[in-house]
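So the chains spell out like this:
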Amino acid sequence: MSYLLSAYGFLLLIMIGYIVRVNLKCGRLVKEAGCLSNDQKSISKLDSSKARLCLIGFALLFISVALYMALIWSPDAKGEPATYRIIYFHVAAAFMSYVGFFITFAGSILYLWKRDLRFDRWAKVGADLGVHFCALMIITGMIWGKQRWGAWWIWEPRLTLALVLLVIYVGYLILRHVMENPVTTARYASVYGIIGFIDVPLVHYSIKLWGKIMHPVVTDGGKNSGLAPEMMLTLEVSIIAFLIVFAAMYIIRLHVDSLEANLSRCRT
Amino acid sequence: MKKYFKDVSAIVWKDTLSEFRTREMLISMFMLAVLILIIFIFSIHLGKVKAIDVAPGVLWIAIIFAGTIGLNRSFLNEKENDCIFGIMSMPIDRSAIYFGKMTGNFIFMTIMEIFIFPVFIVFFNLPIQNIPGIVLITFLGTLGFTACGTLLSAMSAASAKLRYMLPVLLYPLILPVVIAAVQSTGALLYGKQIADIMSWLKLLIAFDIIFISVSFLIFEYTLEE
Chain P
395 MSYLLSAYGF LLLIMIGYIV RVNLKCGRLV KEAGCLSNDQ KSISKLDSSK ARLCLIGFAL
455 LFISVALYMA LIWSPDAKGE PATYRIIYFH VAAAFMSYVG FFITFAGSIL YLWKRDLRFD
515 RWAKVGADLG VHFCALMIIT GMIWGKQRWG AWWIWEPRLT LALVLLVIYV GYLILRHVME
575 NPVTTARYAS VYGIIGFIDV PLVHYSIKLW GKIMHPVVTD GGKNSGLAPE MMLTLEVSII
635 AFLIVFAAMY IIRLHVDSLE ANLSRCRT
Chain R
420 MKKYFKDVSA IVWKDTLSEF RTREMLISMF MLAVLILIIF IFSIHLGKVK AIDVAPGVLW
480 IAIIFAGTIG LNRSFLNEKE NDCIFGIMSM PIDRSAIYFG KMTGNFIFMT IMEIFIFPVF
540 IVFFNLPIQN IPGIVLITFL GTLGFTACGT LLSAMSAASA KLRYMLPVLL YPLILPVVIA
600 AVQSTGALLY GKQIADIMSW LKLLIAFDII FISVSFLIFE YTLEE
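Protein chains in written order, with this note's numbering: chain P, 395 to 662; chain R, 420 to 644.
Check each hint, because a few of them may be wrong.
As the list claims (entries may be wrong) - With a straight-line Cα cutoff of 25 Å, these simulated BS3-like cross-link-like pairs (lysine-lysine) come out:
no.: 1; chain 1: R; residue 1: 498; chain 2: P; residue 2: 602
no.: 2; chain 1: R; residue 1: 580; chain 2: R; residue 2: 469
no.: 3; chain 1: P; residue 1: 602; chain 2: R; residue 2: 611
no.: 4; chain 1: R; residue 1: 433; chain 2: R; residue 2: 498
no.: 5; chain 1: R; residue 1: 498; chain 2: R; residue 2: 580
For the record, the hints were derived by calculation from the structure and aren't laboratory data.
Okay, chain P solo, but in the shape it has when bound (with noise of 0.2 Å):
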């Protein structure tokens, strides 16, 4: 149990230090942009800091409830370790991971419709969030996994398909970083944001049928969904949320990266 806490207190670290550091370094943009620039208002209006402050003091306080729901309120499931309260995040990490792909996709589409580079940011940022909520869904997958199944992998559907996920996002990020000029960055992330998204039922289906399902299924809402109610409410304030620590990221990350834009703007 304590090894348990203790690790979600250290990606709740994880998860505050991320904010907190994207956070200052909006400040020392907004600054930098402040001396650049002449058009002060349309800077201090983005940078409104206490929009930013009241959102992550939300974040904090529903990640403490649904910790304390999680870890010490849910009951003990019949014949599982105590590892199971993991499900908790791992669920919660795995919706708002398929929300950030989903962002991308729209946020492409919508670039290539209307030629805005907002819609752009709002795709690259859907993606960096969506990657690293993956990511802590595989970590968190694994330690389960290790526990109930003794193995940290198997090659099972879901897990491949979490992993293909991650690989092909990845590559979206990759393909960004490496490109220099903003609007065939865009472009091209775009087209391939569509097509990666797209490629996820056909990637889904052709796993299913390769591989032999073990991952147990808790939240089709199915009579035999084996969660006991306070189970299902601990779940469900869990993705509350997770889905207010996401929107928290993901303003902060959008701010952030307006700010760069404007930057570049100001400096060329």
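Please arrange chain R on chain P, whose structure you already have, making use of the hints.
Chain R only, in chain P's frame:
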């Protein structure tokens, strides 16, 4: 419609003609495929492993790695001497360029496969059976690979850094093709009939249709400046 086919075939004709004059790409693709087969045979030791279990995987790795060379060259050839601007200023639909390039890549890969199959059969001592089934699988798999690969190769030719990234971008996307092709080739080599691999065939056909139609729609965005 007739003009569209004429445009496509003009690009295919140009590509095949320039390739058959030098044949350097075909030779390097074929040699890479042969070397991959040899290296794999050394690494798996056929005395200990049943050849038929590993052969399909090795074959498709060889085909895909060799095909990547072709895809890399496909738009790079146009980049040299800035031929790409000539192609882009042609009064034809952008998707005709895509279909022309894709057909060209498909033809080169098919020629390479025709040569690599006998080598593959000989090296692994495989039974010669179910030839129509294997031809069908190879056709569908190669079509899916080139459909997806041509789109990405148009992108990757644009920047020198991106050129080395083509496999990183391409291989995750063509995973369904790899899985389906390897599994069904294996099943056919084991003497199963086409009816037994219907689900894989459906997957390959779905992949081909989806990727060709999506590329048809968004190819124009990869060629703009």
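**Q.** Hint check, failures only
**A.** Of the numbered hints, 1, 2 do not hold.
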